[in-house]
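Asks: Model the full structure from these sequences, guided by the hints.
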Amino acid sequence: MADESLRVAIIGCGRMGQEYAKFYSVLESTEIVAIAEYNDERRKEVGEQFGVKALYKDAEEMYQRMGEVPDLAVTVLPGKFIKDAVIASAQAGVRGVSSDKPIGAKLSDVDEMIDVCAERGVVFHGGNLQSARSDVQEAANWLRRGDFGEVQGATVHGWGGEISGGGCQHIAVLRLLAQAEIAEVVAWGKPQEALEADEDTGLIINGRFTMSTGIAVPIFGEPTPYRGVDVWTEDSLLRWDWGDEMDIYQGFDGNGARVKSNRAFTPFAWPEYSYLASSILSFISAVEKGTEMAISAHDLRQCLEAAIAAKHSALWGSVPLALPLEDRSLTLYPRPYRWLGGDVADF
Numbered sequence: 000m001a002d003e004s005l006r007v008a009i010i011g012c013g014r015m016g017q018e019y020a021k022f023y024s025v026l027e028s029t030e031i032v033a034i035a036e037y038n039d040e041r042r043k044e045v046g047e048q049f050g051v052k053a054l055y056k057d058a059e060e061m062y063q064r065m066g067e068v069p070d071l072a073v074t075v076l077p078g079k080f081i082k083d084a085v086i087a088s089a090q091a092g093v094r095g096v097s098s099d100k101p102i103g104a105k106l107s108d109v110d111e112m113i114d115v116c117a118e119r120g121v122v123f124h125g126g127n128l129q130s131a132r133s134d135v136q137e138a139a140n141w142l143r144r145g146d147f148g149e150v151q152g153a154t155v156h157g158w159g160g161e162i163s164g165g166g167c168q169h170i171a172v173l174r175l176l177a178q179a180e181i182a183e184v185v186a187w188g189k190p191q192e193a194l195e196a197d198e199d200t201g202l203i204i205n206g207r208f209t210m211s212t213g214i215a216v217p218i219f220g221e222p223t224p225y226r227g228v229d230v231w232t233e234d235s236l237l238r239w240d241w242g243d244e245m246d247i248y249q250g251f252d253g254n255g256a257r258v259k260s261n262r263a264f265t266p267f268a269w270p271e272y273s274y275l276a277s278s279i280l281s282f283i284s285a286v287e288k289g290t291e292m293a294i295s296a297h298d299l300r301q302c303l304e305a306a307i308a309a310k311h312s313a314l315w316g317s318v319p320l321a322l323p324l325e326d327r328s329l330t331l332y333p334r335p336y337r338w339l340g341g342d343v344a345d346f
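Numbering that gives the first Met the number 0 puts the first residue of the sequence shown at 0, with every later residue one more than the last.
None of these hints come from the bench; they were simulated from the model. This structure is a prediction, so every number in the text was calculated from the model and none was measured. Certain hints may be false.
As the list claims (entries may be wrong) - DSS-like cross-link-like pairs, simulated, lysine-lysine; straight-line CA separation at most 25 angstroms:
hint, residue 1, residue 2
1, 43, 56
2, 56, 21
3, 79, 43
4, 288, 259
5, 21, 288
6, 105, 21
7, 43, 21
8, 79, 105
9, 21, 52
Replies: So this is what it looks like as structure tokens:
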């Protein structure tokens with residue numbers, strides 16, 4: 000490893016934590032120096048896999064026993080345990096800490112994490128979302144540059160089932176491509192038992208987001224011909240549909256149908272790691288150079304807040320709710336697998 004490598008601690012080594020570890024282990028600019036994992040057998044196996052000898056039960060033990068604080072703390076934990084690990088990392092003096100979706104269940108908890116990191120000058124990375132994909136980021140740059148004209152409308156398709164978990168993907172892409180924040184939420188939800196539950200398992204939300212630019216965005220929770228986010232200008236349509244690459248349409252044919260653009264995206268240097276790689280690379284750049292991250296903790300908070308607002312708007316009779324929400328005690332739990340972890344959750 001190079002002398003100036005960033006020293007990385009992986010906190011949480013389940014399936015996704017190991018994916019993070021794989022990418023950090025192949026980068027020349029980073030070195031995994033510690034692992035924190037509560038499962039004894041997994042901790043040993045992952046340590047052997049990546050040649051790491053500094054193994055700890057959790058973040059608290061790691062910071063108590065480590066002689067030197069790592070540069071980056073990569074927290075890949077079930078939602079219930081994220082807050083304590085993030086705050087412990089910031090208080091220990093790391094340069095950057097990352098999380099993942101959903102960042103929490105209660106808005107005030109997420110606010111506290113972000114505030115603690117900001118007060119200590121810690122870069123707070125948001126983790127693994129498709130809005131970090133190189134093609135999505137490049138399309139957003141083209142939109143900002145004005146290549147397609149002014150954004151006039153957008154739609155969200157298939158926002159249901161886990162609106163605080165996988166639903167983060169839709170909201171992050173929408174905010175990025177629409178170049179705006181969600182200012183108001185009105186929603187309708189079903190089934191009733193899901194609406195009344197504390198978590199979002201099986202919750203189907205239809206509704207409308209009003210963006211800070213004034214655009215009204217229809218939200219379709221049930222199946223449509225698409226399953227992602229559409230954003231359009233006067234003569235162009237940009238479509239993220241969970242596929243390998245975004246579709247772009249520019250202009251119309253003689254029948255008024257949109258014409259698929261042959262505009263090419265820049266090839267990504269790490270296609271085998273997809274958007275996890277592009278997200279991590281932007282995190283490293285933010286720590287080293289102060290550049291903007293593809294996914295920040297603020298982005299994850301905005302996604303969670305939109306989900307909480309939608310659930311409560313629907314629960315309270317489709318009342319319009321302005322964002323940011325005044326009541327920061329509002330919560331929305333993800334399904335047990337995301338909240339408690341696969342080792343203990345009832346699948």
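Asks: Just pull the numbers of the violated hints for me, sorted ascending.
Replies: 4, 6
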